[in-house]
Amino acid sequence: MNLNFNSPTSKEKEVPNTDKHEGTHRRTTACTSFSKQYLYRRGFSEARLPEAMRLEPFKKGQCWHFITAGDVDSLSFLKVVLLHQQKLHYLLFSTWCMAAEDILQFGEWIDEGVIEHLDCYVGEIFPNQYRVEWRMLNELVERTHCGRVAVFRNHSKIYAGWGDDFHFTIECSANINTNPRTEQSCITIDEGVTIFYKEYFDGIKSFVK
0 MNLNFNSPTS
10 KEKEVPNTDK
20 HEGTHRRTTA
30 CTSFSKQYLY
40 RRGFSEARLP
50 EAMRLEPFKK
60 GQCWHFITAG
70 DVDSLSFLKV
80 VLLHQQKLHY
90 LLFSTWCMAA
100 EDILQFGEWI
110 DEGVIEHLDC
120 YVGEIFPNQY
130 RVEWRMLNEL
140 VERTHCGRVA
150 VFRNHSKIYA
160 GWGDDFHFTI
170 ECSANINTNP
180 RTEQSCITID
190 EGVTIFYKEY
200 FDGIKSFVK
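Sequential numbering of the sequence shown, starting at 0, is according to numbering that gives the first Met the number 0.
Rather than coming from a laboratory, the hints here were simulated on the basis of the structure. Hints are supplied without guarantee of correctness; some may be wrong.
[As the list claims (entries may be wrong)] Below, a list of computed lysine-lysine pairs in the DSS-like style, where the Cα atoms sit at most 30 Å apart: (1) K86 / K59; (2) K59 / K208; (3) K58 / K86; (4) K204 / K156; (5) K197 / K86; (6) K197 / K59.
Please read all numbers here as calculations on a predicted model, not as lab measurements.
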């Protein structure tokens, strides 16, 4: 199923360059709470996505394809999966980089028992160029003993996991952060695809021990 829900306003206006890799300042202090901007963006994003999908039940073998115009962020696709399946026994995510507040969100889900096991895969730039986020991610995994953090030459953007009801994979062009650009994503409900990605990432040897 293909869905296109570009916001007219996002197409009409020019947006500033907010990519952290193009000269903007990086975070220098730890993030301990969600900002109003983050909550508003996440709230709008999570309202738009179920509206477009009409919250139809996920079926095995089904694929949902999306094209967005910067008004839906990566983590909202995982939130939609959680609307259909309230608890995940296993989840991996792969991203080149990620935002501090999204790390807080994963921590909240782990603390609430929504995610039991979490494996995190990030790009080689992450430890040195995103030092605060790198520290936060490692502190989360160490505190909760939920899984592992691995660093390698990685530019893939994937979520894959399962709960009691189904296996799923989310493939997305966006990193786990805010990016006001057109992105494409796909949710696949299929055990074979999920295990395909898990077996690959299980074999990754991290640059950083």
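Outcome of the hint check:
no.: 1; hint: K86 / K59; verdict: holds (18 Å)
no.: 2; hint: K59 / K208; verdict: violated (37 Å)
no.: 3; hint: K58 / K86; verdict: holds (17 Å)
no.: 4; hint: K204 / K156; verdict: holds (18 Å)
no.: 5; hint: K197 / K86; verdict: holds (18 Å)
no.: 6; hint: K197 / K59; verdict: holds (18 Å)
Hint 2 alone, counting from the list given before, is not met by this structure.
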